[in-house]
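Line order of the protein sequences matches chains A and B.
Going by this note's numbering, the first residue of the first sequence is number 100, and it counts up by one from there.
Going by this note's numbering, the first residue of the second sequence is number 191, and it counts up by one from there.
Derived from the structure by calculation, the hints contain no laboratory data.
Do not rely on the hints blindly, as some may be mistaken.
Unchecked claim - A few chain B residues that don't get close to chain A, going by computed Cβ distances all over 10 angstroms:
(1) Ser-195
(2) Ile-208
(3) Glu-234
(4) Asp-239
(5) Glu-257
(6) Lys-260
(7) Arg-263
(8) Thr-271
(9) Ile-286
(10) Thr-294
Unchecked claim - Now the stretches of chain A that chain B is said to cover, found in silico as 3 or more residues with beta-carbon under 8 angstroms:
(11) 511 to 521
(12) 529 to 535
Computed from a predicted model, the values in this text were never measured in an experiment.
From the three backbone atoms N, C-alpha and C, an ideal C-beta is built for every residue, glycine too.
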Amino acid sequence: MWYRIFPRRLDRQVALVCFGIMIFTIPLYVVHEAQEELSFIFDTAKRETKVIANNIAINSIEHIITRNYSSLENLLLQIAGFPDIIEIQVANEFGKILSDVVTTKKGSEDVQPRYSLINIKVPEKNSYKLIEYDEYMDIWAPIEAGKHIGWVKIKYSLLSAKNHRNEKIKNYLFDGTILSVFISLFLLLAMRHPLRMIKNAVDFSARLDNKSGEQLPVSHQSIEIEKLFIALNKTSLSLAAQEAMIKKDIKDLETQKHALDEHSIVMITDTDGNIKYANDKLLEMTHYKPEELLGKNSSILRGRYHTNKFYQDVKEAVSTGESWHGEIVCEDKYKNRHWMQTTIVPFLDENGCPYEYVTIQSDISAQKETEGLLEVNNTSLELLTKELEDKVESRTYELRKANEELSELNNIKSEFVSIVSHELRTPLTSIKSFAEILEDDFDELDSDTRNKYLSIINSESVRLGNLINDVLDLQKIDAGKTTWNIEAVDLKKLSATTIELFSRSYMDKGLSLNLKVSDDDLVADVDSDKIKQVLTNLLSNAYKFTEQGSVTLELKRVVQKPTVLVVDDDETCLVYFEMFLQGKGINVLSCDGAKKAIKILKNKNTHIDLLITDIVMPDMDGVELIKHIRQFAKKLPIVAISSNSNASVLKSLLDYNISSFLDKPFQAEMISKTLNKVLGDTKHMSGNQQMLQISVQDSGIGIPENELSNVFDRFHQVDNSETREKGGSGLGLAICKDIIEHHKGTLWVTSVVGKGSRFTFNLPLHN
Amino acid sequence: MNTHSNKTILICDDEPNIRESIRYAAVKEGYQYKMVGDGLVAYETACADIPDLIVLDVGMPNLTGYEVCKKLRQHPEMEQTKVLILTAFGQTEDKIKAFNVGATDFMTKPFSPRELRAKLNELLDK
C-alpha cells in the first residue's frame, strides 16, 4: 500500500512532511519573487527607454528640420551604446527612415549605422506606444515641433533581464533545497529527545502490565511530556495498588477455597450442568476419578431417589440467580446413596445471568441414618401399634364373625333339625297309623287291605331308614367327617356296574337304559363309592320320573372354560370385558343390574367361576350386593371394580372376602394379572381344562323352569303331589351336589317340562 | 262304621299314605270325605262345596295349610267352618301359629288314628 513507503517513526514522519512542504513552497516563492523582480526590471527599462526615446525625439528635432542627418546619426550612435538597446530608428511622419543604428551581436560597444531605404510602418496615433514581444519590445515616441514631424523607435532586448531572472531562480532554488534539507535534519535532531521520551513512556506503559509501581524519571523538557509522565506514574501507582489488592483478594480466596475444599464437597458446573471442577472430597466420596467426572454432566451423581421434577425445581430456583439450600440424595460410583446438605450458588455475569454454579455439599448420611433409624423405630412402633390395633380389630371382627356364623349355624341347625323332624315324622305317621289300624281292626279288614297297609308300613319304614341315612350322610359331609377314598377310578367301568344294578327295574317298567361312552381313557381321581352314590341317585330319580321312553347315561371328555359374570351398569364396560375375556377363552355372562346378577348367581345350574362387579349401581349399592351374595355364595371369587370409591367403602368390602380390585380405566395387563391370580387359585378353573362329563338324560316329566334352581336344595321337592307320591327324602340331589363339588366338579340340570331332564356333572380327569 | 252321617270331611295332605289313614278314620266314623293333595286345590274344593270339617296338612305344595286356613277364614261363608290342622312340626310356636290363622283345632304328627277319630267326632259334634 502507498502508506507503506511512508516512514513509521514519528520524527522521520515530521521531517519528511516538513521537507515536503518546503520543497513545494520554496520554488513557488522563488518564482514569484523572480517574476516580481523581472516586472520591476521591465518597468524600469520601459521608463528609462521612454525617457531616452523622448530625449532623442527632442534632440533630433533640430537635426530633422535642418536635415542634418549625420548629426542625427551621431546622436543615435551615442545613445545606442546603452545596454540592451538593440536598434534605434528615426523616421519621418510617413515612416521613411531618416537614421538607423543597430547594436551588433558583439556587444553594445559595436554600434553601426544601417542604411535602409525601406519605409517602416508607423503607429496611426501620434502618441507614445509600447509593443512587447517575446525577446524584445518596441517603443515608439512621436517627434513634435509644433507639428508632428517624425517618430523615434527603440528596440529594447528583454533577454538579459530574463536571463538574470532565470539565474536568480536557479540560485534561489538551490539555496531553498539546501535549507529544506538542513531544516529537516534539524527537526529530526530536535525531535529526537522528545520522541525518546515518548518512546520511554510507551515502553513504560507497556511494562505496566508486570512492573506496576515503577516510576519514570520525569522529564521537564516539555509540559506535555511532563504531564504525560506524571499521569503515567500515577497510573502505575494506582495499578500497583490495585494489583496488590487483587493479589490479596486472590490469596484470601485461595485460603477460603482451601478451607472450603478441606471442609466441604465442592463442585463447579456450567449452566448445562457439566462438571468443571470437582474437589478431592467429592472424588473421595463418589469414588470417581477426576477424568470420570470432569466434563461429564452432574446428573451422573443423581440417584433415583428424587424425581426429575425435583431437579428441575432446583435448576429453576438457581437459574434466577438465587442460591439454593436443601438436602439432595447423591449416588456414588457404586450406587450407594449419600444424603447431602447442599448449597448451590450461581456465579453471575455482568447481565446478572448465571454462568457457573458452585455446589457446596456436606455428607449428612450418618445423621440421616440416625434420623432414619429413629424414624424407622418410630414407624415400626407406629406399625406395631397399628398392627396391634389391627389385630385387635381383626380379632374382634373375627370373633364377631365367628359369633355371627355360629348363630347362623345355630339357626341352620335348628332349622335343619326342625325340617328333619318334620321329614321323619311323615313316614312315622304312616307307620304308626297303619300299625294301629291293623292292630285295632285286623279282623274287620279284608286280606287285600291288610296287605296294602302292611306294605305301606314296610315302604314307609324303608323311607324312614333312607331318610335317616341321607341325613347322616349330609351331616357327615357337612361336618367334614366323611372319609374320602380318592383313587384313580375308571368311570366307564364304574358306570357300567352301576347301570347293571338298575337294568332289572328299568326293564320291568318298560324303559330302556343306555350307556353311551364317546371317549376312551375316562379316568378320574374320585371316591368310587361316592360317585356310585351320585350315579345311583341320578338313575333312580330318572327312573322315578320317567314313565316311558329311555334313560341314557353318557360319558365324554369336554373342554371346560371358566365362566365369569360381569356386572356393571355401564354398557361400554360390559362390552370391553366381553371382548377381553372371550379373547382369553373365557365364557362371559354379563348383566347391568345387581338384582339380575343375584338371580343369575342363585341359579344353581349356572356355574360362575368369578364375579366381576361394579360397586356403584343404580338398583343396589355394591356393598349391599356383595353382602347379599356372600349369604349364599361364600367362596365365589369376587373382583370389585373400585373406581371412584372412597377408602372406607373399599375397606368395608374387604370384610366380604373380595379377591381383588380393578380400577377404571382398565388396563389389560392388570385384568390379566387379576384373572390369573383369581382363576389360577382354584385348580379346576384354570384355563381351558379337559374334564370328564357324565350326564343322565331321561324322557320323563321334566322340571318347571322356576324350580330348576331349587332342585339341589335340601328337602326341596318340586311342588306337586305327583312328585310327593314318588317318595324320596329331598336330600338326594343335595348330597350329590356336595359330593361332586368335593371332587372339584360341578353338577347342574337342564330340563324341558314334558320332554325330560338332564343332570350333568363334570369331574377333573386324572393327570 | 257304627253310624252313618252325611257330614263331609275335606282331607288335605300331600302324602298319599297319610291321606289314606285319615280317610280310613273318616270312613270308620261314618263321614263323607273328599281328598286332595295340594293347598290351592284344597281351597278351591272347599269354596266349591263347603265341607263340615277340613283336615289340613301344613306342608303342602302351592299353598301351605296355614295359608289355606287364612284364606278360608277370609271367605264369608267359611268363617266358622271347622278346620283341623295337622303338622309334623310339633313345637309350641307351630300350635300358636295354627290358632293365629284361625284353626279350630290342632294335631301333631305322628298321630294315633284313635285320637284322630275322637277329634273328628268332637269337632263334628257327634
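Do the hints match the structure? See the list:
1. Ser-195: holds, 19 angstroms
2. Ile-208: Check fails; 6 angstroms does not lie beyond 10 angstroms.
3. Glu-234: holds, 14 angstroms
4. Asp-239: holds, 20 angstroms
5. Glu-257: The claim stands: Glu-257/B keeps its Cβ more than 10 angstroms from every Cβ of chain A (closest is about 13 angstroms).
6. Lys-260: holds, 18 angstroms
7. Arg-263: holds, 23 angstroms
8. Thr-271: holds, 23 angstroms
9. Ile-286: At about 15 angstroms from chain A, Ile-286/B clears the 10 angstroms cut-off, so the statement holds.
10. Thr-294: holds, 20 angstroms
11. 511 to 521: holds (count 3)
12. 529 to 535: holds (count 6)
Hint 2 from the list above is the single one not met by this structure.
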